[in-house]
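**Student:** The primary structure of each chain is shown beneath.
Number of protein chains: 2
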Amino acid sequence: MKISIKRQYFIEQLNHCLKAISPRTTLPILNGIKIDVSDDQMILTGSDSEISIEITIPAEIDNEEILEIEEPGSVVLTGRFFVDIIKKLSGDFVDLETTENFQTKITAGKSEFNLSGNDSNQYPLLPEVNDADSLVLSSAVLKTIINQTNFAVSLSETRPVLTGVNWNFNKDNISFTATDSHRLALRRLLDKTFNTEISNAIIPGKSLSELSKILTDSDEDVEINLSQNQVLFTYGNMRFISRLLEGNYPDTSRLFPENYETKVSVNNSEFYHAIDRVSLLAREGGNNVIRMTVENNNVELTSNSPEVGTVNEAVNASAIEGEDIKISFNSKYMMEALRAIQDEEVTIEFFGTMRPFTITPSESSEVVQLILPIRTY
Amino acid sequence: MKISIKRQYFIEQLNHCLKAISPRTTLPILNGIKIDVSDDQMILTGSDSEISIEITIPAEIDNEEILEIEEPGSVVLTGRFFVDIIKKLSGDFVDLETTENFQTKITAGKSEFNLSGNDSNQYPLLPEVNDADSLVLSSAVLKTIINQTNFAVSLSETRPVLTGVNWNFNKDNISFTATDSHRLALRRLLDKTFNTEISNAIIPGKSLSELSKILTDSDEDVEINLSQNQVLFTYGNMRFISRLLEGNYPDTSRLFPENYETKVSVNNSEFYHAIDRVSLLAREGGNNVIRMTVENNNVELTSNSPEVGTVNEAVNASAIEGEDIKISFNSKYMMEALRAIQDEEVTIEFFGTMRPFTITPSESSEVVQLILPIRTY
Numbered sequence: 390m391k392i393s394i395k396r397q398y399f400i401e402q403l404n405h406c407l408k409a410i411s412p413r414t415t416l417p418i419l420n421g422i423k424i425d426v427s428d429d430q431m432i433l434t435g436s437d438s439e440i441s442i443e444i445t446i447p448a449e450i451d452n453e454e455i456l457e458i459e460e461p462g463s464v465v466l467t468g469r470f471f472v473d474i475i476k477k478l479s480g481d482f483v484d485l486e487t488t489e490n491f492q493t494k495i496t497a498g499k500s501e502f503n504l505s506g507n508d509s510n511q512y513p514l515l516p517e518v519n520d521a522d523s524l525v526l527s528s529a530v531l532k533t534i535i536n537q538t539n540f541a542v543s544l545s546e547t548r549p550v551l552t553g554v555n556w557n558f559n560k561d562n563i564s565f566t567a568t569d570s571h572r573l574a575l576r577r578l579l580d581k582t583f584n585t586e587i588s589n590a591i592i593p594g595k596s597l598s599e600l601s602k603i604l605t606d607s608d609e610d611v612e613i614n615l616s617q618n619q620v621l622f623t624y625g626n627m628r629f630i631s632r633l634l635e636g637n638y639p640d641t642s643r644l645f646p647e648n649y650e651t652k653v654s655v656n657n658s659e660f661y662h663a664i665d666r667v668s669l670l671a672r673e674g675g676n677n678v679i680r681m682t683v684e685n686n687n688v689e690l691t692s693n694s695p696e697v698g699t700v701n702e703a704v705n706a707s708a709i710e711g712e713d714i715k716i717s718f719n720s721k722y723m724m725e726a727l728r729a730i731q732d733e734e735v736t737i738e739f740f741g742t743m744r745p746f747t748i749t750p751s752e753s754s755e756v757v758q759l760i761l762p763i764r765t766y
Numbered sequence: 390m391k392i393s394i395k396r397q398y399f400i401e402q403l404n405h406c407l408k409a410i411s412p413r414t415t416l417p418i419l420n421g422i423k424i425d426v427s428d429d430q431m432i433l434t435g436s437d438s439e440i441s442i443e444i445t446i447p448a449e450i451d452n453e454e455i456l457e458i459e460e461p462g463s464v465v466l467t468g469r470f471f472v473d474i475i476k477k478l479s480g481d482f483v484d485l486e487t488t489e490n491f492q493t494k495i496t497a498g499k500s501e502f503n504l505s506g507n508d509s510n511q512y513p514l515l516p517e518v519n520d521a522d523s524l525v526l527s528s529a530v531l532k533t534i535i536n537q538t539n540f541a542v543s544l545s546e547t548r549p550v551l552t553g554v555n556w557n558f559n560k561d562n563i564s565f566t567a568t569d570s571h572r573l574a575l576r577r578l579l580d581k582t583f584n585t586e587i588s589n590a591i592i593p594g595k596s597l598s599e600l601s602k603i604l605t606d607s608d609e610d611v612e613i614n615l616s617q618n619q620v621l622f623t624y625g626n627m628r629f630i631s632r633l634l635e636g637n638y639p640d641t642s643r644l645f646p647e648n649y650e651t652k653v654s655v656n657n658s659e660f661y662h663a664i665d666r667v668s669l670l671a672r673e674g675g676n677n678v679i680r681m682t683v684e685n686n687n688v689e690l691t692s693n694s695p696e697v698g699t700v701n702e703a704v705n706a707s708a709i710e711g712e713d714i715k716i717s718f719n720s721k722y723m724m725e726a727l728r729a730i731q732d733e734e735v736t737i738e739f740f741g742t743m744r745p746f747t748i749t750p751s752e753s754s755e756v757v758q759l760i761l762p763i764r765t766y
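Respectively, the protein sequence lines represent chains A and B. Per the numbering used here, residue 390 is the first one in the first sequence, and the count goes up by one each step. Per the numbering used here, residue 390 is the first one in the second sequence, and the count goes up by one each step.
Calculated from the structure, these hints are not laboratory results. Virtual Cβ for every residue (Gly too), placed ideally from N, Cα, C. Certain hints may be false.
With a Cα cut of at most 27 Å, we get these calculated DSSO-like pairs of lysine-lysine [to be verified]:
#	chain 1	residue 1	chain 2	residue 2
1	A	LYS602	A	LYS477
2	B	LYS391	B	LYS499
3	B	LYS715	B	LYS395
4	A	LYS602	A	LYS652
5	B	LYS499	A	LYS652
6	B	LYS391	B	LYS408
7	B	LYS715	A	LYS715
8	A	LYS408	A	LYS602
9	B	LYS477	B	LYS499
10	A	LYS499	B	LYS652
11	B	LYS477	A	LYS721
12	A	LYS408	A	LYS395
13	B	LYS721	A	LYS499
14	A	LYS408	A	LYS476
15	B	LYS395	B	LYS499
16	A	LYS494	B	LYS715
17	A	LYS721	B	LYS476
18	B	LYS715	A	LYS477
19	A	LYS494	B	LYS721
20	A	LYS715	B	LYS652
21	B	LYS494	A	LYS721
22	A	LYS715	A	LYS602
Output of the computed footprint for chain B on chain A, the stretches with three or more beta carbons under 8 Å from beta carbons of chain B [what the hints assert, rightly or not]:
#	segment
23	476-490
24	631-639
25	663-669
26	686-700
With the rest of the complex left out, here is chain A (with noise of 0.2 Å):
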């Protein structure tokens, strides 16, 4: 193998490569990104066996040369340690040379360095993905539902179906569940079905916070693919790959109540800004229980601490609708629902004080966050 390549464009595709890769991975070929150089590109890949990631580099974007190909070849280079080097190197190319048992010549302006390589035939293949029924969805779009929802999955491994999302193809509509048991977030896409023998795949928390992290905001399109095992996500150069979990997700579909005894529609920030003031009390306090109070047309927040004081927050309240209520929960997943929202108005709906409350926007049923509860007497 011998080329040379855009320094700055390769950074970018080497930094994507890595977050496949793990330090704590038990195959130490793992640590490495397999570089493939055929003919006309070069394929990056990296994985931690749960995710793998490969992105292909063309010799030519927008008739700019970003690499040139002088040999074909291949070689797995330690991940982060190499990437370190292409980073610190100077110059706008960089040249990559192998030589003898996987020997690699790196230089660029008046450094060299050589590397120890490894036989990228030791590398495992990865999995095989059917990519014949596609379900598209927008950069944007995706990474705004993986944002929505991926907060509220378990970091416990006691129920290990409950450390991912589940994706639900319904007849009408696709949902996004996470659950921890203790809330949960609920995002519909609408009007948006996607025709598969699969009914639901659960994807690994870990697995979808990488992915948002390799997401912009644009409406570019990303394929996604489903086999029985596996998820590939197709992003422009890059193909993502992620193993699912099994198992069967709880049906949480009977956990929405009906008929709220209160409800209260509040602005999301100035509401959060509250929360977020009065929790700070609550935790210095030692845990993250705050009060809510709507009575008399009034809502209010509050939290005491033996120790430490009390706080006391007015809630500007937009509508409050039904019963009283004194009710008791976790700030923390209060703060998250409601940073999972990105519309100006909430509603929150109780439906009696030990029972779980829903926090919705105002105008749409496409978000449902649900918390549970504590109970303080």
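Fit chain B to the known structure of chain A by using the hints.
**Tutor:** Quick look at chain B alone, frame taken from chain A:
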């Protein structure tokens, strides 16, 4: 105590004050910030008993009202938590009111916090520092001096005096020395003297590092006063007091050799980046050792590590004099030494493979960085 204060200005002053507060204090009241309000000003005090910071806030600055005093008084409030509250409140002004038992009510907008405060009489008195004789330096110069020396103090408590920077008041200059016994940083203020009875002061590195975060690059004066055990820096509305280290600082003047065997001049920034690249491999190989070779009028940096590979950097030297030499050193020390020199060109003088070498600006003797080589054979 009952006051109203401009929130943004208050936050800035509190942030300065926090720099003196350590979460690991043994005296619980030192977790707090002392607030003293007299008829016409407020004084904030933070301390960890090593460093104390005292800030005076007047009622007006440039005819703009900063502080409105309704009732003088004083209280101690938990530092970090109190500052977090002030930061998260809304509105331009925040009101503080102390009632019985040092309960303090903080109000702004629709928020009301009630915090348990402490009696300010329990707060330790700050040490007195005689301010008869002052050394005056500009903020920018003092900040530079700290940055050029403080990185070289010892982090080990084995020889406590080495954890400080030695300020030496000589007959015709002032010198600042730091060493961890592997390398030494010396800065001289030529043509500047300080006529005091004290011939030197060892200021803890930690204090200088906090002070340097507060100092700006302006030419505003910093007044420095010394007593036997304390140093006081007066800067704007702030008094920064640090204890001094006790003990005798070693005589470092004998360390500087004369009559170099080899002398090399290089561009500071180019050389720094070359060292940075070579050190990548040195670090990956598990140590920080790199080798410099001066031979046949060429300068080369190399490093190798059997498992990882080798690296080779040709260095552009603007002048090479004297004997050929091969010498090994810690790349981290070299990079820190180069960063401490602001000049574009630096000169490195070698006195043999096993003796310390020096790095200085090519055109000045204000800064001398000295590094002990590493024996590699």
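**Student:** All hints, please: hold or fail.
**Tutor:** Here is how each hint holds up against the structure:
1. Proposed proximity of LYS602 of chain A and LYS477 of chain A is supported: the alpha carbons are some 23 Å apart, at most 27 Å.
2. Straight-line distance between C-alpha atoms of LYS391 of chain B and LYS499 of chain B comes to about 18 Å, which keeps the hinted pair within the 27 Å bound.
3. Distance restraint check for LYS715 of chain B and LYS395 of chain B: the Cα-Cα separation of roughly 62 Å exceeds the 27 Å cut-off, and the hinted pair is therefore not satisfied.
4. Of the supplied pair hints, the one linking LYS602 of chain A and LYS652 of chain A is violated, its CA atoms being roughly 36 Å apart against a limit of 27 Å.
5. Under the criterion of a C-alpha separation no larger than 27 Å, the hint pairing LYS499 of chain B with LYS652 of chain A is consistent with the structure, at around 22 Å.
6. A threshold of 27 Å between alpha carbons decides the hint, and for LYS391 of chain B with LYS408 of chain B the separation of about 26 Å falls inside it, so the pair holds.
7. Distance restraint check for LYS715 of chain B and LYS715 of chain A: the Cα-Cα separation of roughly 77 Å exceeds the 27 Å cut-off, and the hinted pair is therefore not satisfied.
8. Using a Cα cut-off of 27 Å, the hinted pair LYS408 of chain A and LYS602 of chain A holds, with the two alpha carbons roughly 9 Å apart.
9. With a C-alpha separation of about 12 Å, the suggested pairing of LYS477 of chain B with LYS499 of chain B holds against the 27 Å cut-off.
10. Between LYS499 of chain A and LYS652 of chain B the CA atoms are separated by roughly 22 Å; this keeps the pair inside 27 Å, and the hint holds.
11. A C-alpha spacing of about 16 Å is found between LYS477 of chain B and LYS721 of chain A, which places the hinted pair at or below 27 Å, so the restraint holds.
12. The straight-line distance between the Cα atoms of LYS408 of chain A and LYS395 of chain A is roughly 21 Å, inside the 27 Å bound, and the hint therefore holds.
13. Under the criterion of a C-alpha separation no larger than 27 Å, the hint pairing LYS721 of chain B with LYS499 of chain A is consistent with the structure, at around 21 Å.
14. For the proposed pair LYS408 of chain A and LYS476 of chain A, the alpha carbon gap of about 16 Å is at most 27 Å, so the pair holds.
15. For the given pair, LYS395 of chain B sits about 17 Å from LYS499 of chain B by alpha-carbon distance, which is consistent with the 27 Å threshold.
16. Distance hint between LYS494 of chain A and LYS715 of chain B is fulfilled; the C-alpha atoms sit about 24 Å from each other, no more than 27 Å.
17. Among the hinted pairs, LYS721 of chain A with LYS476 of chain B is consistent with the structure: their alpha-carbon atoms are about 19 Å apart, no more than 27 Å.
18. For the suggested pair LYS715 of chain B and LYS477 of chain A, the alpha carbons sit about 25 Å apart, so the restraint of at most 27 Å is met.
19. In summary, the hint linking LYS494 of chain A to LYS721 of chain B is supported, as the alpha carbons are separated by about 25 Å, within the 27 Å threshold.
20. Distance restraint check for LYS715 of chain A and LYS652 of chain B: the Cα-Cα separation of roughly 79 Å exceeds the 27 Å cut-off, and the hinted pair is therefore not satisfied.
21. At most 27 Å may separate the alpha-carbon atoms for a hinted pair to count; LYS494 of chain B and LYS721 of chain A meet this at roughly 25 Å.
22. Under the criterion of a C-alpha separation no larger than 27 Å, the hint pairing LYS715 of chain A with LYS602 of chain A is inconsistent with the structure, at around 39 Å.
23. For the segment 476-490 of chain A, the assignment as covered by chain B holds, since 3 residues bring a beta-carbon within under 8 Å of that chain's beta-carbons and 3 suffice.
24. With 0 residues carrying a beta carbon less than 8 Å from a beta carbon of chain B, the segment 631-639 of chain A misses the three-residue requirement, and the given coverage is violated.
25. Coverage of the segment 663-669 of chain A by chain B holds in this model, with 4 residues showing a Cβ closer than 8 Å to a Cβ of that chain against a need of three.
26. Remark: the segment 686-700 of chain A is confirmed as covered by chain B, as 5 of its residues place a Cβ nearer than 8 Å to a Cβ of that chain, reaching the required three.
Going through the hint list in order, the structure does not satisfy hints 3, 4, 7, 20, 22, 24.
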